[in-house]
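K.L.:
Quick mapping for you: the protein sequence lines, in order, are chains A and B. Take the working numbering: the last position of the first sequence gets the number 377, and nothing is skipped along the way. Take the working numbering: the last position of the second sequence gets the number 377, and nothing is skipped along the way.
Please note that a few of the clues may not be correct.
Identical copies carry no separate label here, and so any pair may be met within one copy or between two of them.
[Claimed, not checked] As a list, the in silico SDA-like pairs of lysine to any residue whose alpha-carbon atoms are at most 20 Å apart:
hint, residue 1, residue 2
1, K25, P78
2, K25, A333
3, K217, E207
4, K173, R137
It should be emphasised that the hints constitute simulated quantities derived from the structure, not laboratory data.
There are 2 protein chains.
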Amino acid sequence: MIHAGGAARVLAAGGVRSLAFEASKPLQLSSGESLAPLTVAFETYGALNSARSNAVLVCHALTGDQFVASTNPVTGRPAWWPRIVGPGRPLDTNRYFVIAPNVLGGCMGTTGPSSIAPDGRTYGLRFPQFTIADTVRAQAMLVEALGIDTLFLVAGIGMGGMQALNWASAYPKRVFACATVASAARQSAQNIAFAELGRQAIMADPEWRGGGYQSTKPAKGLAVARLAAGIANRSDASLRQCYAEARAFAFDAEARGTLAAPGDRFDANSYLYLTRAMDQFDLAADFGGNLANAFTGGATRHGVFAFTSDWRYPPSANQAIVRALIASGAEAAYVEIDTEQGHDAYLGDLAAFETALTGFVDSAASERGLALSGGGQ
Amino acid sequence: MIHAGGAARVLAAGGVRSLAFEASKPLQLSSGESLAPLTVAFETYGALNSARSNAVLVCHALTGDQFVASTNPVTGRPAWWPRIVGPGRPLDTNRYFVIAPNVLGGCMGTTGPSSIAPDGRTYGLRFPQFTIADTVRAQAMLVEALGIDTLFLVAGIGMGGMQALNWASAYPKRVFACATVASAARQSAQNIAFAELGRQAIMADPEWRGGGYQSTKPAKGLAVARLAAGIANRSDASLRQCYAEARAFAFDAEARGTLAAPGDRFDANSYLYLTRAMDQFDLAADFGGNLANAFTGGATRHGVFAFTSDWRYPPSANQAIVRALIASGAEAAYVEIDTEQGHDAYLGDLAAFETALTGFVDSAASERGLALSGGGQ
């Protein structure tokens, strides 16, 4: 059972747990606006030790959610990172207290465009624009409310990796170690173009209704957006498996193949807002364009993991992070995993990645003085 | 003035010239079906010499057309390859008789889904499925009707490169030289995925009406398809120029930036058929899976040109062509041009490409005994 401190209370509805902050505790946004009331949905795995030193924050990718290691009770989808988070896994829930929040602007319980605004109507496009830094600020409010001062580890993949880097930069004393998987310190033009493609497809769907859709969703537009993301997330080799039957396709109006997600529950407006936040992410921008300055003076140990065939966040983008970390004087390990599975390799059965991540986490745990077997410290 | 032989007559309407074959001369399709009557729209530049030995066939890319070196009179768009085709250019119209057909299934005069079927109604999705080989067969009918036995050169870019390779394979004695630019002997899974994305976007547009649209076109779907093609055709560096202002985007329903083509005249059903033909292209398939066998016994001289930052048809795909050519015993030159402009580099101001292409063409012309200054031979 989790007890939140301060002006927040834990809610649970339909299997989705969340922390609801009182309206008197708004989220301050980078734009100058504030958002209240704020609710942050989250899941936890494992137990917090008595020293409160074994907390791990896992930041999900664009269309991920907080159900890292358990079935999503709303969609019925299985855990998305069971090979990484769980008993005996690299983020060992026998040792660590894993907190996985749903992102700001998401659609799995955290306040977002599909939430009800204070005026009783759905936010829709009235939801304020926000940044990755704002997402991290909302996560920090959650972590504080849970009574955790310092996170042993922040780990993030893709968009979540951007959040992890932002955590290490914004709260250097509160992040002991940081694992960035297949991410970047700045969104590439290709990723921005892909995101724009998905947004245009959604906005071209008449069911989008200028963002004001209610029960009928812009499902076709979202399916095309998903297809675009599916292309970006896969290598040619792994796409070939999906499109082996392409030569026999007939023309029809159903998005098909494993790239499309039938019955997609993702919220189209969330897709618009989240991709926009990623577009605008450029961690160096607030530091005179020098990424190293974003990490100067921090003591966080960094692990940066890249996949050779990932062309959404290619090795070069991850290497740029490592170069900046080293230039800043930070301790940084870089691991490049040879795989043909593209960006989505993080979801798969990839022993080399698991071994490397385990090595990084175990080493950091040893430095942190965390016992090899879980429980109190 | 061009006089066509056989059962065909030259038409001209609205600045678009075409060769209309009589219904008694159908196009035999790979599927076993036949298409009649067939019309092939084309443009020519320069003059055929008395030996009829200086004809060059230029095969356009997916959304290109026959207006290689002159303004398209229908759309008003300027010539798309003026740096390559023209007086003193690599395909020197003072020396060569350049023939540029619009592809089968296209929408600039050659019979396609937007043409009127014999029953007086638009073909739409009743248009038969066809292959790249069928496109080439239609071009061969045009070339024959123009009284040309052997082409000095077939040059093609992207989809046109597939046609050029198919020409050299199907008609080895009728192609003296073949220039393949930024193409492949088989469509990659990534390209198939991009095409499927575009098709889904078109078919998700309610104005598509199951392919039966009339005056109101599925413009939004086509804009998304164009956006997808625009991403695939550019490198990250060249996309960055387009998306420099991405950080300031607001959400709106207009496709924007230079990737979208406002007032696009391309036919959505043509996009469906042409991309499907490209998906299915695999030149080795009819040769026991061994691409070299596609060229065995041919005497065509090949030039294969690739752009370093092209990720639609990367150097590796072009190198695969060269390896097969060499294995077949053919004469093959490979030139890789260092550029950051991606696949669309062929459209740009790229001196290294022009120089290399000129070298290849001049060398072939010398072997062919074509005089350095145009006219008779």
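K.L.:
Give a verdict on every hint.
P.N.:
So, going through the hints one by one against the coordinates:
1. K25 <-> P78: neither (34 Å within a copy, 59 Å between copies)
2. K25 <-> A333: Neither way: K25 and A333 sit 38 Å apart in one copy and 69 Å across, limit 20 Å.
3. K217 <-> E207: Both: 6 Å inside a chain and 18 Å across chains, each within 20 Å.
4. K173 <-> R137: within (15 Å within a copy, 70 Å between copies)
Going down the numbered hints, you'll see the structure goes against 1, 2, while the others check out.
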